[in-house]
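**Student:** Residue numbers (numbering that gives the first Met the number 0), protein chains in the order written: chain X, 0 to 366; chain G, 0 to 195.
Treat the hints as calculated values from the structure; they're not laboratory data.
Positions of the beta carbon are idealized from the N, C-alpha and C atoms, including for glycine.
Zero decoy hints are in this set.
Quick partial rundown of chain X residues pointing at chain G, CB under 8 Å, derived from the structure:
{"#": "1", "residue": "L50"}
{"#": "2", "residue": "M107"}
{"#": "3", "residue": "L108"}
{"#": "4", "residue": "F109"}
{"#": "5", "residue": "F113"}
{"#": "6", "residue": "S327"}
Restraint-style ranges between C-beta atoms, simulated for each label pair:
{"#": "7", "chain 1": "G", "residue 1": "Q91", "chain 2": "X", "residue 2": "K144", "range": "54 to 62 Å"}
{"#": "8", "chain 1": "G", "residue 1": "N156", "chain 2": "X", "residue 2": "T64", "range": "46 to 54 Å"}
{"#": "9", "chain 1": "G", "residue 1": "P71", "chain 2": "X", "residue 2": "I272", "range": "43 to 51 Å"}
{"#": "10", "chain 1": "G", "residue 1": "K125", "chain 2": "X", "residue 2": "T131", "range": "48 to 56 Å"}
{"#": "11", "chain 1": "G", "residue 1": "P71", "chain 2": "X", "residue 2": "K8", "range": "43 to 51 Å"}
{"#": "12", "chain 1": "G", "residue 1": "G46", "chain 2": "X", "residue 2": "F255", "range": "32 to 40 Å"}
{"#": "13", "chain 1": "G", "residue 1": "K66", "chain 2": "X", "residue 2": "V120", "range": "23 to 31 Å"}
{"#": "14", "chain 1": "X", "residue 1": "L142", "chain 2": "G", "residue 2": "M0", "range": "38 to 46 Å"}
{"#": "15", "chain 1": "G", "residue 1": "E186", "chain 2": "X", "residue 2": "T64", "range": "55 to 63 Å"}
Take a look at the letters that make up each chain.
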Amino acid sequence: MAMFKKIVKNFGPEWGAAVMGTAAICITMQLSSEVARPFSSLLYVGLGFYLLATVMFMAFLIPWTLRFFMYPEEIKKDLQHPIRGNFFPTMPISFILAGTGTNKLGPMLFGPWFAYHLSIVFFFLGAVGIFTFGYLLIRIQFLNKGVRLEHANFSWFIPPVSHLIIPVLGVCSMDVYWAETSLAPVLFLISMIALGVGFFNFLFVGAAVWHRYIYHTIPQGRLAPTVMVGIAPTAIIVIFLIKFIQAIEASQGTLFGINFMSMFSPIKIIASILWGFSFWWLILVTILLFTHYVKIKDHPLEFGWWAYTFPFEAFAVATGLLAACVASHFLYGMLIILNTLAVIIWITVVFGTIKWLESGAFLKPQH
Amino acid sequence: MKARSIIIALVIILIPFIIGMPLFLLRSSGRIPVKAHLVTDTRKNNGGVAYKGIKVDWTFCPDWEYKPLFFPAEEYLVFMFHYRNDNESNVQVMPSYTFASPHNRRYSANEEISMYIENALENKLKAEDQTPITFEIPSNATKHYIVTFEKPHSLDNFYVDVDVFRDVTLRLHYKKEDGEWSNYSNELIRKYKGRG
Chain X
0 MAMFKKIVKN FGPEWGAAVM GTAAICITMQ LSSEVARPFS SLLYVGLGFY
50 LLATVMFMAF LIPWTLRFFM YPEEIKKDLQ HPIRGNFFPT MPISFILAGT
100 GTNKLGPMLF GPWFAYHLSI VFFFLGAVGI FTFGYLLIRI QFLNKGVRLE
150 HANFSWFIPP VSHLIIPVLG VCSMDVYWAE TSLAPVLFLI SMIALGVGFF
200 NFLFVGAAVW HRYIYHTIPQ GRLAPTVMVG IAPTAIIVIF LIKFIQAIEA
250 SQGTLFGINF MSMFSPIKII ASILWGFSFW WLILVTILLF THYVKIKDHP
300 LEFGWWAYTF PFEAFAVATG LLAACVASHF LYGMLIILNT LAVIIWITVV
350 FGTIKWLESG AFLKPQH
Chain G
0 MKARSIIIAL VIILIPFIIG MPLFLLRSSG RIPVKAHLVT DTRKNNGGVA
50 YKGIKVDWTF CPDWEYKPLF FPAEEYLVFM FHYRNDNESN VQVMPSYTFA
100 SPHNRRYSAN EEISMYIENA LENKLKAEDQ TPITFEIPSN ATKHYIVTFE
150 KPHSLDNFYV DVDVFRDVTL RLHYKKEDGE WSNYSNELIR KYKGRG
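Could you build the full structure based on these sequences and the hints that come with them?
**Tutor:** Right, dumping it as structure tokens:
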């Protein structure tokens with residue numbers, strides 16, 4: 000019991016990142032399975048990742064939730080922290096990802112009816128959590144007198160990313176089952192509000208962090224993985240755009256008066272531009288990582304390595320979906336490479352996390 | 000790293016593959032019987048529809064059974080559309096599909112179920128399904144697309160709208176006669192171009 004209490008006390012807000020990094024692989028696997036017949040087994044490997052992510056999600060949700068009641072002072076300390084605080088939305092994001100996985104792979108386990116209803120429950124729980132933490136964190140940031148320039152880092156992108164991910168499940172739900180129901184306008188409105196909040200916060204926060212990177216020193220090595228988070232916002236908007244156009248297409252070509260034929264061409268152009276930005280950022284991360292952090296040997300093993308997984312997988316998903324619209328052969332080829340790399344990164348991070356746990360760092364959190 | 004930690008890491012890493020591969024082998028081995036009764040292939044009786052140099056044919060299976068892992072099997076209406084381009088130049092198509100049951104209740108196609116049954120249907124019909132939303136059909140070539148609809152209970156007639164042409168919608172009408180589905184008519188419906 001004493002050990003369990005210790006675990007709950009030290010169970011930081013960042014553990015949702017491990018669920019995110021595992022859950023998103025089920026979607027990269029599902030998309031890769033469609034590329035060509037030899038890859039069709041990946042659909043079932045994706046199902047394996049979905050089940051693993053579900054187990055992790057339930058296992059982490061218990062201590063994560065209990066901590067709010069058993070150790071509210073620890074929660075308060077973390078919320079006030081300019082880095083750790085931003086990781087609170089990772090758990091509500093996990094709800095949205097669990098919902099997306101259930102939407103895509105759930106019918107294999109439970110049939111469409113149950114899977115689509117379950118994913119909508121995840122949507123509302125995730126959306127409530129994301130908006131709640133979004134307001135809480137922005138309030139703390141605005142009122143906190145202790146935030147300084149050197150605190151700015153790309154983990155600040157997590158709250159905007161959390162809002163951007165809501166419309167992904169929103170439009171996935173409208174794609175098939177909910178398009179013709181009275182829930183569709185509700186899903187649409189929540190999705191669009193979240194998209195607006197996420198998009199503008201991404202621009203504002205991005206400018207603040209960019210300012211730090213140019214006018215101040217770049218963060219120390221333990222924060223190096225957070226640079227990867229910069230890939231996520233535009234990659235997620237690409238995912239949203241393609242799923243949105245698929246939802247319009249599935250609704251007899253018109254959804255809320257938005258016409259498929261008139262939207263498809265601009266969406267292809269905008270999605271390609273945004274995908275290009277994510278790709279550019281991926282190269283930037285590689286350059287920063289190898290020409291700075293690795294070179295000066297400042298890249299310690301941290302739980303924060305999970306920040307390498309989800310943004311990269313989101314980029315792989317964006318690539319797979321964009322391939323359904325433009326440059327199919329090239330992008331499908333790239334998807335297979337990215338999916339393989341995503342698994343390699345995930346394996347490395349799992350080993351790293353176990354090693355990190357073995358070192359006892361979990362019980363001595365660094366602030 | 001201690002040996003115990005390496006074992007824990009390996010177990011976590013192997014879980015998705017250990018779960019996924021047997022399931023894939025089980026599904027692809029044919030040990031889970033698939034009840035599928037192909038009733039119509041318009042290519043056999045020249046029953047397809049041609050418009051502006053594109054010949055649309057379809058194979059229809061009204062009772063494709065898919066068994067989810069934890070739930071009982073359900074039947075689906077499965078079509079494989081075959082688009083042949085008889086024009087001299089390549090054409091780009093963006094087909095979309097809608098199913099309508101009596102009282103004009105409309106349903107979208109279920110892409111997920113299509114994905115799960117894709118291999119089995121491709122094997123059966125010796126044709127490869129297209130993945131992209133939009134795809135090009137070279138001159139004198141044929142491309143195929145799988146469309147799956149969830150089947151409402153006690154269904155005895157329905158129609159499917161195939162939106163592949165710019166100015167008309169192809170509507171396929173089906174009704175049940177003596178327990179068998181019959182494709183009793185097909186029509187090209189002009190699309191509304193107004194501002195309403």
